[in-house]
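S.K.: So the chains spell out like this:
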Amino acid sequence: MNGFLDRVLGRVRLGGWLAVAAPVIAVVFAVLITSVVLLVAGKAPVEAFTTLADYGTQPRSMAMILNTGVMYYISALAVAVGFRMNLFNIGVDGQYRLAAVVAAGLGGAAVVPGVLNIVLVIVAAVVVGALWAAIAGLLRVYRGVSEVISTIMLNAIATGLGSWLVSEHFGVLTGNDLGTRPIPDDAHMPGIPLIAGTPVLVNGFIVVAVLLGVAYWVVLNRTRFGFELRATGKSESAAVASGVSVKKMIVVTMVMSGAVAGLIGMPELLGASYKYSNNFPAGLGFTGIAIALLGRNNPVGMAVGALLWSFLDNSSNQLQLLDISKEIVQIMQGVVVLSVIIAYELVHRYRIVAEQRRVSRELAAPQEAPKAEAAA
Amino acid sequence: MRPFQAAMAGAVAVAVTAAAGCGGGVETASSQTGSLRVGLVYDIGGRGDKSYNDAAAAGVDEAKRNLTGLRVREVEAAPGEPVVRKVERVWALAEAGYDPIIAVGYSYAPALARIAPKFPRTRFAIVDEPTVSGPNITNLLFASEQGSFLIGAAAAMKSRTGDVGLVGGNRSPLVKKFEVGYVQGVKHVNPRARIRIAYLAGPHDLSGFERPDKAQKAARCMYRAGADVVYQVAGASGAGVFRAAKKAGAWAIGVDYDQAKSADPAVRHVILTSMIKRIDVAVYDYLANVADHTVTSGRVVYDLKLGGVDYSLTGGHITDIQPRLEQLKQEIIHGRVKVSPG
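Chains W and B are the protein sequences, given in the same order.
Numbering-wise (my numbering), the first sequence opens with residue 1 and increments by one.
Numbering-wise (my numbering), the second sequence opens with residue 1001 and increments by one.
Derived by calculation from the structure, the hints in this document are not laboratory data.
Glycine is no exception: its CB is placed at the ideal position from the N, C-alpha and C atoms.
Heads up, a few of these hints could be off.
[Claimed, not checked] Straight line, CA to CA, 25 angstroms or less: simulated SDA-like cross-link-like pairs of lysine to any residue:
1) LYS1064(B) to LEU321(W)
2) LYS326(W) to VAL1083(B)
3) LYS326(W) to GLU1210(B)
4) LYS1118(B) to GLY175(W)
5) LYS1261(B) to GLY1298(B)
6) LYS1214(B) to SER167(W)
7) LYS234(W) to ILE352(W)
8) LYS43(W) to GLY1048(B)
9) LYS43(W) to LYS1214(B)
10) LYS1118(B) to ILE195(W)
11) LYS1064(B) to GLN356(W)
12) LYS1118(B) to LYS43(W)
13) LYS326(W) to LYS1064(B)
[To be verified] Here's a subset of chain B near chain W, in silico, CB distances under 8 angstroms, partners left out:
14) GLY1080
15) GLU1129
16) PRO1130
Extracted from the complex, chain W is given alone in its bound form (with noise of 0.2 angstroms):
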């Protein structure tokens, strides 16, 4: 049987109209208790709510959307890989940063000139990232410390270690903001007018975080590595009965999560800022862990919830035009992410009970059982 922690994680699948119900009474819960919220605060919900739909239908917003969801949704990504495995890497977060200042540093250094200084930055951002995280793969292989504790540590060591890189090494002062120098022009990450009707260009790296996604399905799915990944995440007796190293599971593992989380910061750092300073955006990592839980770690499932929760969070400002303040926009995004775990478990608990009515009735009278229900 299965527990709550692999139903949460996505582990377990729903079938036919129950893996349509599941996210629908999510909406329909978040919707109702964001509105008794609004009513509340004293706040008319209809109002707010035609205001986030006008805002969300808009050409410019659109392009906004894209650009701030596609690091949630590499942050997402980074944080799932090590999901499927039990692994919780919660210093994504310092992985990505500290990947960003190294990168940023370099890129503006431009020792390479145009693309092949991209190539570099991204490369370094990688390697920075991995590198970073494999310090809690290691430590929880051959010291047992939980990568939980150690990589929560290790955000706040890489923050510490960000600000010196960049107030000793890489900093150049612009008014009051301290950052690394500019990447030069010649290595910007081209825009990419996907979306008609506004001047505003998405961010190339949309294309890389589609590769992303695609590459992080084919990898768990169908590759020997991913299937050793899923098993050893399920149940690690079983996976070490059949031969799975249990350890080199756990370092490869972190290694590749702290990889892709290396890459977060790209799309900031190459398409918008093109500078690690004050304004680089933190967090993201934290963004993506409960990405992860919306998307229920499926490749999908998690560009939903990235968009919906970049939507969210770019709403805030016209929310604050009509005088709603932006917090409703953080209670929105718990309650959506606590009405898909609620919703999913819901959904979960009514198939086994069916299941087991269903069995039940089947045992009770054995021989006029339908043949077609074997198939199912």
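Since the structure of chain W is already known, use the hints to place chain B on it.
M.R.: The following block gives chain B in isolation, referenced to the frame of chain W:
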């Protein structure tokens, strides 16, 4: 009421500087002064942070009371948001027709650089950021180093041990300006004074402004080593410096606000004075100037002369040295004493 007088004095002074030619005049589109729709974008923390943003909010509130027909829309930032979110925030206000738009904090510089040229008839102001410029952008700046110079002088005059300290929230350029002025002020009064400096976090780490425990530890070390006056430039962490001062029976110095009025009542008596940074005055002046069509683009530095930075007298602990401080202030204003911004 003192703030308002200061505000008016500031307004006049700014107008004078403007006439002396500190930037191109901005064409004002609205013919009627009675209907300003002001957009105010906050930095992280927003209204109610008892610090930076609140100071800007106080200026806006003062303007709402004194200028007619002012309607203000305030929009807050979320921690760790990407730059584009700030750009969109400013864009949304400009698009909705808000004019002027005031951005609180240097993190809005990229947003103004991108949006201001697209809305040439909208007027923008940014607090604490000199680099972004344009025909419709006003930079509201503060000579924190001048205020901190006087604070350093006061600390050196009051110190019996000739040993003083500074606790900074993080090693950012903004805080560094306080340190630079403070050190010059101390050395001006007592060239042989020992100055101890501690920072609670690196430049990109804002946590140093929310860690009174760390600040208390840092200040305790300074007092134990012989310092008897410690200047806090650490926002909410400053409460720790005040507690340490109380335990050590020594002096502490507040920042931004008159902290002898705003801090925990139990520690107010250890606050020698505070370095006041009048963001409220700057914001008020700006709005008043927009209302009378006298607003100018470019940099406006709120220094000692404009009353943009100052020291507080609450508690009466520095009445004995006040004449000397006033004299020093005049010397700085008239350029006889030079304070380097670092």
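S.K.: Quick one: which hint numbers does this structure break? Sort them smallest to largest.
M.R.: Violated hints (numbers, rising): 5, 9, 11, 12; every other hint is consistent with the structure.
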